[in-house]
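> As you go down the protein sequences, you meet chains S, P, X, H, F and G in turn. Just so we're aligned, residue 0 is where the first sequence starts under numbering that gives the first Met the number 0, counting upward by one. Just so we're aligned, residue 0 is where the second sequence starts under numbering that gives the first Met the number 0, counting upward by one. Just so we're aligned, residue 0 is where the third sequence starts under numbering that gives the first Met the number 0, counting upward by one. Just so we're aligned, residue 0 is where the fourth sequence starts under numbering that gives the first Met the number 0, counting upward by one. Just so we're aligned, residue 0 is where the fifth sequence starts under numbering that gives the first Met the number 0, counting upward by one. Just so we're aligned, residue 0 is where the sixth sequence starts under numbering that gives the first Met the number 0, counting upward by one.
Think of the hints as simulated: they come from the structure by calculation, not from any bench. Watch out, some of these pointers could steer you wrong.
Using 25 Å as the maximum straight-line C-alpha spacing, the simulated BS3-like pairs for lysine-lysine come out as follows [to be verified]:
| id | chain 1 | residue 1 | chain 2 | residue 2 |
| --- | --- | --- | --- | --- |
| 1 | S | Lys41 | X | Lys58 |
| 2 | S | Lys58 | X | Lys58 |
| 3 | F | Lys158 | F | Lys265 |
6 protein chains.
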Amino acid sequence: MAKNDNETVRENAPLRSLTPGERFRGYYLLKSAQTATASNGKPYLSFRLADNSGELPGKLWDYAGAITSLDAGQAVWASGRVESYQDQIQLAPDNLRLAEETDEIDLSRLVPTAPHDAQRMMAYVEQTLDSLADADYRGVCLKLLERHREDFACLPGAKAMHHAFLHGLLMHTATMMHQADFFARLYSDIVDRDLLLAAAFLHDIGKLAEFSTSPLGLVSDYSKEGRLLGHLFLGAEEAGQAARELGIPEEKRLLLQHLIVSHHGKAEFGAIQPPKCAEAELLTQIDMIDSRMEMFRTAYLDTPAGEFSRQRVWGLDNQYIYRPAADDPA
Amino acid sequence: MAKNDNETVRENAPLRSLTPGERFRGYYLLKSAQTATASNGKPYLSFRLADNSGELPGKLWDYAGAITSLDAGQAVWASGRVESYQDQIQLAPDNLRLAEETDEIDLSRLVPTAPHDAQRMMAYVEQTLDSLADADYRGVCLKLLERHREDFACLPGAKAMHHAFLHGLLMHTATMMHQADFFARLYSDIVDRDLLLAAAFLHDIGKLAEFSTSPLGLVSDYSKEGRLLGHLFLGAEEAGQAARELGIPEEKRLLLQHLIVSHHGKAEFGAIQPPKCAEAELLTQIDMIDSRMEMFRTAYLDTPAGEFSRQRVWGLDNQYIYRPAADDPA
Amino acid sequence: MAKNDNETVRENAPLRSLTPGERFRGYYLLKSAQTATASNGKPYLSFRLADNSGELPGKLWDYAGAITSLDAGQAVWASGRVESYQDQIQLAPDNLRLAEETDEIDLSRLVPTAPHDAQRMMAYVEQTLDSLADADYRGVCLKLLERHREDFACLPGAKAMHHAFLHGLLMHTATMMHQADFFARLYSDIVDRDLLLAAAFLHDIGKLAEFSTSPLGLVSDYSKEGRLLGHLFLGAEEAGQAARELGIPEEKRLLLQHLIVSHHGKAEFGAIQPPKCAEAELLTQIDMIDSRMEMFRTAYLDTPAGEFSRQRVWGLDNQYIYRPAADDPA
Amino acid sequence: MAKNDNETVRENAPLRSLTPGERFRGYYLLKSAQTATASNGKPYLSFRLADNSGELPGKLWDYAGAITSLDAGQAVWASGRVESYQDQIQLAPDNLRLAEETDEIDLSRLVPTAPHDAQRMMAYVEQTLDSLADADYRGVCLKLLERHREDFACLPGAKAMHHAFLHGLLMHTATMMHQADFFARLYSDIVDRDLLLAAAFLHDIGKLAEFSTSPLGLVSDYSKEGRLLGHLFLGAEEAGQAARELGIPEEKRLLLQHLIVSHHGKAEFGAIQPPKCAEAELLTQIDMIDSRMEMFRTAYLDTPAGEFSRQRVWGLDNQYIYRPAADDPA
Amino acid sequence: MAKNDNETVRENAPLRSLTPGERFRGYYLLKSAQTATASNGKPYLSFRLADNSGELPGKLWDYAGAITSLDAGQAVWASGRVESYQDQIQLAPDNLRLAEETDEIDLSRLVPTAPHDAQRMMAYVEQTLDSLADADYRGVCLKLLERHREDFACLPGAKAMHHAFLHGLLMHTATMMHQADFFARLYSDIVDRDLLLAAAFLHDIGKLAEFSTSPLGLVSDYSKEGRLLGHLFLGAEEAGQAARELGIPEEKRLLLQHLIVSHHGKAEFGAIQPPKCAEAELLTQIDMIDSRMEMFRTAYLDTPAGEFSRQRVWGLDNQYIYRPAADDPA
Amino acid sequence: MAKNDNETVRENAPLRSLTPGERFRGYYLLKSAQTATASNGKPYLSFRLADNSGELPGKLWDYAGAITSLDAGQAVWASGRVESYQDQIQLAPDNLRLAEETDEIDLSRLVPTAPHDAQRMMAYVEQTLDSLADADYRGVCLKLLERHREDFACLPGAKAMHHAFLHGLLMHTATMMHQADFFARLYSDIVDRDLLLAAAFLHDIGKLAEFSTSPLGLVSDYSKEGRLLGHLFLGAEEAGQAARELGIPEEKRLLLQHLIVSHHGKAEFGAIQPPKCAEAELLTQIDMIDSRMEMFRTAYLDTPAGEFSRQRVWGLDNQYIYRPAADDPA
């Protein structure tokens with residue numbers, strides 16, 4: 000303990016930067032909370048705090064406050080000490096309370112957010128849709144964009160795994176459209192650019208109905224229709240409905256729906272049909288690429304250059320991944 | 000050849016009953032046809048005839064007639080001899096022509112048909128739907144029955160595998176509803192009879208759009224939307240649309256759609272979601288039972304009691320199946 | 000702690016009904032027990048209590064009593080408080096002792112028991128066996144029923160998973176015979192009722208040798224022959240021996256044995272052969288149906304209507320299952 | 000044709016040695032036969048002849064003789080020409096008749112036979128069984144050897160795949176016992192020699208009931224009990240019965256049965272249980288080794304040194320296998 | 000036959016364009032040849048001709064010429080008739096002889112060749128290698144390019160499946176380098192452009208040793224080292240050797256080798272290790288994309304727009320693939 | 000606690016022999032260590048000690064000493080009490096310090112070591128290599144033995160699983176050479192003894208580069224090249240290089256490399272190619288046998304005769320394994 004004698008208090012420090020022995024203070028996101036009774040018969044609170052740098056667990060002993068599991072997803076104010084427990088960092092606050100309306104909080108610090116600017120990404124998506132030569136495909140896209148603009152711009156791309164931050168769906172979609180544009184040129188003899196770009200825009204639109212979101216906009220769970228039908232079905236059903244309302248040719252409606260229902264590639268990964276045309280194949284592949292590159296980016300955050308990740312990475316075939324020493328031109 | 004000296008000509012004989020050396024004559028279904036050039040430079044016709052007992056291949060040498068592959072699915076008149084070629088029976092007609100309007104043909108002989116009366120099966124289905132206590136589920140079923148009554152009553156249940164005969168879909172559906180009724184009583188504490196029966200009626204409704212049919216009503220191929228989306232998606236999409244039009248509660252619509260998209264059980268068998276409630280589980284199981292029992296029935300036709308099938312049966316896990324000697328009380 | 004001030008003591012309350020903060024008192028089954036040393040150097044007892052409603056873990060601090068792991072399976076008397084630890088309910092008794100001979104205990108409360116009356120189920124099984132037209136099949140069944148009557152009537156159907164309660168094997172067998180009777184009528188053209196019913200009765204008879212049981216009749220483990228040979232082998236071996244002693248025709252003996260060794264369907268699920276006749280196929284399917292319906296019943300107990308289970312259900316393909324809101328006619 | 004002008008007639012030549020253009024004459028085994036009608040309306044006979052060097056197909060045009068498919072398995076006399084058809088060698092006899100009683104035929108030439116002397120292999124098996132220290136294991140083996148001595152000595156080891164020749168089961172068993180003896184010494188600290196050797200002797204004893212054999216002793220098909228129960232079950236059932244009759248300790252009976260039912264290693268390869276003790280593991284492995292080495296031996300017969308096999312070898316993971324150039328010390 | 004009365008002779012016509020009944024004449028590649036004896040005892044020649052449009056089988060009756068299977072891979076001159084046999088087109092030449100030195104043949108017509116200009120592709124590869132900032136990676140690439148320049152420029156990319164034409168390996172490599180450049184920019188924060196581009200160039204370099212080629216440059220078979228070690232091993236071994244000779248840092252050598260041995264993604268597809276860094280992941284994905292796009296291109300050649308392929312496409316998950324009607328802006 | 004009143008202190012006792020309640024004192028290997036903060040705010044040390052009998056976890060409360068996770072792999076001196084925590088034995092030392100240079104420690108007690116004498120095993124390996132008739136194969140082996148003699152003699156055979164003790168690689172190699180010699184005689188008609196024995200010696204030589212080792216010689220982790228390339232690749236690359244330096248015939252080099260890269264049998268177990276010749280097949284099988292026998296030996300250590308292992312054994316198909324009661328001749 001002696002080595003922490005002259006400790007200072009770190010204010011609103013990123014959770015990922017905290018180390019055992021430090022003192023902390025600031026606003027964080029209450030990710031989860033449970034009240035429990037300790038072996039000495041006294042109640043305590045077990046919880047997890049998060050900000051846009053990561054998450055940490057914590058315990059508050061002899062807790063008689065008002066926070067319960069129902070407060071998950073709220074902002075809180077906390078102050079206390081950082082400790083180490085079984086080789087894991089954990090928070091030991093002296094004080095923990097729900098944030099109040101009068102508190103001045105920079106929400107963008109609390110919630111993980113896409114590393115790119117949402118407005119610019121949105122502008123790119125809209126420009127690209129405007130560039131579609133085929134009015135039918137463009138029409139379906141714009142109709143659904145109009146209907147879901149706000150959710151589409153804000154929703155994370157997933158509950159965990161990859162793009163699980165604000166604007167994650169938008170970022171994932173925009174990056175895929177960028178790739179789609181490249182491949183439509185590269186394989187222009189067998190690929191219809193309009194179909195591929197429209198489907199790249201629409202492919203995850205069913206996630207808007209598949210997710211339940213927390214007060215601060217993160218995905219907290221799957222919705223009932225998400226679990227019973229899945230986002231591939233939901234997206235293709237809604238796109239089909241829009242196509243029928245607009246009266247576009249059946250051939251084009253079927254192709255759009257096919258690209259959506261097949262974009263997970265194989266049945267074992269959730270595809271309703273395997274990809275059966277070149278555009279469907281490409282859509283599957285670029286979805287895979289962007290998902291996995293994002294998982295590498297995340298894994299690299301915790302892996303020093305020239306070393307292997309300390310944990311296996313579930314989404315990357317459960318491998319230890321390697322961050323090359325040579326990837327930085329020295 | 001000597002042993003066939005005093006041969007008589009069999010008229011409209013079931014194809015399955017013909018044996019090498021016999022002579023035959025009558026009307027049959029032209030299943031397929033190809034013209035070709037023999038090694039001596041002369042053209043010949045290679046074809047398959049079918050009736051409700053089965054199929055046989057045939058060859059007509061030195062053929063200069065008008066029949067081509069485009070005539071597949073038509074009725075023809077043929078006469079000639081039954082031969083054996085590499086342990087397979089084949090037809091060697093002297094004469095083969097398309098049937099004419101003035102020919103009097105008993106079509107029911109040509110096309111395989113369900114072993115039960117279609118009107119009685121249809122009446123059973125309607126009575127059972129009328130017995131549903133839940134007006135919402137009943138409403139969706141009746142709406143789709145009204146829309147597709149004729150196709151639903153006539154269509155085969157599959158292209159091959161099982162129930163590939165006229166009224167096959169109806170027979171399969173009616174038998175499953177009968178089972179559903181039994182299980183709804185047996186497990187009444189956890190099963191909603193109305194949901195299970197409605198979904199039993201609707202589960203294969205998407206096949207009406209998945210199949211292409213021949214002039215005489217058999218399934219000749221899969222449709223474009225059948226291949227790009229599949230009958231689980233198509234059925235659930237249409238049932239969902241009907242439910243929305245009728246304004247039934249969302250919970251019930253979702254359950255109906257879930258039972259339809261999950262009725263193949265596992266992703267590897269085409270299920271869009273695995274069954275997640277008791278009714279979905281039961282629907283999957285009784286679909287499996289009726290399909291496999293029908294395949295046993297078909298396989299037994301070619302298997303003497305007390306023996307194993309001469310061929311592996313693809314749909315029954317590619318096994319040689321056994322027809323017990325004891326299944327007939329002697 | 001303040002909120003539990005006026006607490007009353009619940010007597011012999013079902014464990015599933017207890018909530019944190021309550022006080023309890025009564026007789027329970029000691030499912031397991033371990034003595035340990037706490038970090039303060041004092042011994043304590045870690046244990047699990049069970050009754051027919053479920054199980055709960057518990058800890059008794061500063062324990063110097065006589066209970067050890069060897070007492071698992073005995074009845075105990077306990078009194079104390081219900082607590083919460085890491086979102087799990089646990090028992091914190093002040094007092095815990097083995098039940099004595101003079102204690103008056105309602106054993107049916109302690110041990111999970113089939114929801115149907117054992118005598119009535121046994122009567123149904125016997126009547127149905129009497130109804131078999133084939134004296135050979137009936138003879139084998141009655142011979143084994145005579146030999147194992149008491150065990151057959153009492154044993155659970157499994158160690159965990161499904162029907163893991165007293166009379167579980169009987170309940171599972173009786174329900175399957177009920178289904179077998181239905182299907183024998185439905186598919187009477189290809190199914191021998193006597194064979195199917197006899198095999199439904201016999202199919203799990205090998206479990207009598209496969210299980211080790213606790214003093215109160217539950218399955219505590221697998222026996223040595225159970226692990227080295229399995230209940231499919233054991234059942235088919237014993238049924239074959241009985242058939243030989245009775246001198247029934249070899250064809251019938253082989254069929255009975257085949258149905259027993261194939262009733263798990265696929266090699267990966269433990270089947271020694273895949274089902275090769277219609278009766279074997281049906282036996283496999285109805286075993287699957289009754290097992291899975293029982294798992295849904297159990298999972299529904301902990302799942303409110305209109306919600307998904309909080310845990311994945313291992314035996315149901317490791318899915319979150321859904322208990323429909325609509326399954327109760329409101 | 001010109002190049003075969005001065006051809007001589009090869010008498011009783013091994014079929015494998017015949018080349019297109021040669022003339023042949025002699026006694027062979029009729030493996031199969033089918034009568035058929037050619038496109039010119041005339042009957043012909045399609046057949047396969049075999050001897051201990053291999054098999055060849057053949058055709059006899061304008062055939063009016065008495066041979067039918069029922070004569071398969073008989074010896075025949077044939078003379079004619081060797082031809083080539085679609086890169087396959089085939090026989091074109093002028094003459095083909097069933098062998099008569101008065102014909103002097105060296106049967107050992109017709110039927111493939113183990114490359115080692117049967118009597119010496121039998122003597123090795125008996126000496127090794129006599130060397131078992133454990134009278135219980137020895138007793139079970141000798142009892143079954145006594146019961147099946149002749150069949151055990153003569154039967155092939157399989158229908159195809161490996162050891163499909165007379166005395167094949169004996170050769171496979173003797174070689175495995177030789178290996179078992181080696182490994183029992185190598186791992187003497189964890190392996191019971193008597194158990195391992197007894198099980199090596201017994202492991203395929205169920206094949207005696209699993210196979211149907213042709214008049215000349217080859218395996219022509221699987222028996223009904225072979226298909227419905229399999230040789231692992233049949234062998235373990237019979238060994239168990241013998242053990243009970245001899246009253247050997249239950250532990251030893253269970254171990255013998257366990258080694259028999261587990262010797263295919265994994266469920267997907269037919270094992271009823273996976274190997275659970277060191278002896279069971281070894282038995283599985285040495286069965287695998289001897290089976291695969293025999294398949295290499297067979298494949299090498301058709302593969303020149305320094306080349307790959309022309310066909311994939313089904314039993315060796317469907318690979319092209321390589322016969323090293325270096326395996327012959329030059 | 001009547002419809003071909005006034006037939007003209009097509010000279011050097013692409014094989015894919017020939018239809019039954021036409022006459023043809025010209026130079027083609029002899030893909031394979033076999034002499035055989037017909038049922039009338041006369042010899043004939045069975046063969047396949049190829050040009051850069053495809054392949055056709057043929058038969059030449061009563062053939063007494065000099066061509067044997069050893070002439071496969073040579074150019075021949077043929078004239079005769081196009082016929083149809085069992086729904087397959089086949090050639091029936093009157094005349095077939097090996098091409099002679101004095102014949103004037105346009106070889107580029109005979110052998111399938113990449114659709115892009117080889118020199119321009121080669122220039123692109125060299126310019127791109129020159130653009131690598133890292134002299135180590137660049138050095139290894141240039142060293143191997145120098146060593147194998149001619150083979151690398153000419154070899155097909157495969158024996159069948161995809162890019163099985165002259166310059167196929169170059170075309171596949173150049174396209175992948177183009178994609179690599181795009182992705183290195185898109186994911187520049189986690190991807191080392193030099194490593195990715197170098198590995199894209201090297202990834203299939205082992206194929207130069209894995210293939211055996213025919214006289215005209217196509218892949219006729221796998222080499223011995225190709226079958227015993229595989230091109231992933233061979234390429235990584237050679238690249239490693241070159242890296243050691245150049246003395247580049249071990250980290251870079253390991254990364255290059257890792258990208259080569261992992262570029263098939265999963266062990267079941269031949270990867271020696273799974274991809275463990277972002278560059279390895281990308282290399283695997285872009286290899287997959289270019290392979291599959293090429294298979295779509297080939298499959299589309301035989302599939303009319305708006306229809307499904309007539310055959311399942313083995314390399315595309317054995318699916319019927321669909322060529323959209325909408326892919327051509329009308 | 001009373002029952003431990005008159006306890007004595009056990010000195011340098013094997014960890015596996017310690018039981019709760021005893022006192023201990025002596026030198027052990029520090030397997031791992033972590034400092035942490037307890038819920039009372041005081042630091043403690045969590046660690047694992049090991050010796051050649053096994054491992055035990057431990058905790059030291061109120062720890063202010065110098066030991067950190069960086070000391071893992073060092074020898075320590077410890078004294079204290081053995082306790083039980085949640086049915087697991089754990090150490091509760093009063094005292095724990097790093098061993099000093101002046102301490103007299105029998106290192107062979109601390110580190111698990113092969114049960115056979117290393118010098119005798121090494122002598123066997125060298126004699127056997129000397130017996131190779133083929134100077135080429137012998138040359139490659141001796142060259143690599145010379146280069147790696149010390150590591151080869153000392154290294155464990157694995158990080159965990161099997162042969163994870165000093166000299167484990169040598170013991171595994173020697174035992175496999177012994178088996179190879181046996182099989183080369185048994186199947187001498189198709190097996191080249193020199194090739195098989197050379198590859199048996201070389202098969203795991205790549206592990207010398209694949210492992211990182213701790214100060215006391217155990218495998219602490221995989222090296223970077225081990226993870227990026229694997230020991231099959233590394234071994235075959237090095238053997239190939241040696242073969243090239245010695246100028247041995249290419250055929251022999253390829254065979255050696257093939258046996259090394261294929262010795263894991265199937266791609267899913269890490270084989271780069273499947274075994275394609277008889278020697279490769281045998282090498283795979285005997286590697287499997289020796290690995291699994293060693294796992295049985297280890298599992299038997301914790302399993303009383305006549306009982307099943309208390310835990311599933313991961314490496315043995317995750318089964319409970321059985322140690323026969325009969326394996327000891329009483």
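> Look at each hint and say if it fits the structure.
Evaluated hints:
1. S:Lys41 / X:Lys58: Holds, at roughly 15 Å.
2. S:Lys58 / X:Lys58: With Cα atoms ~21 Å apart, Lys58 of chain S and Lys58 of chain X stay inside 25 Å; holds.
3. F:Lys158 / F:Lys265: 21 Å, holds
The structure is consistent with each of the numbered hints, conforming to all of them.
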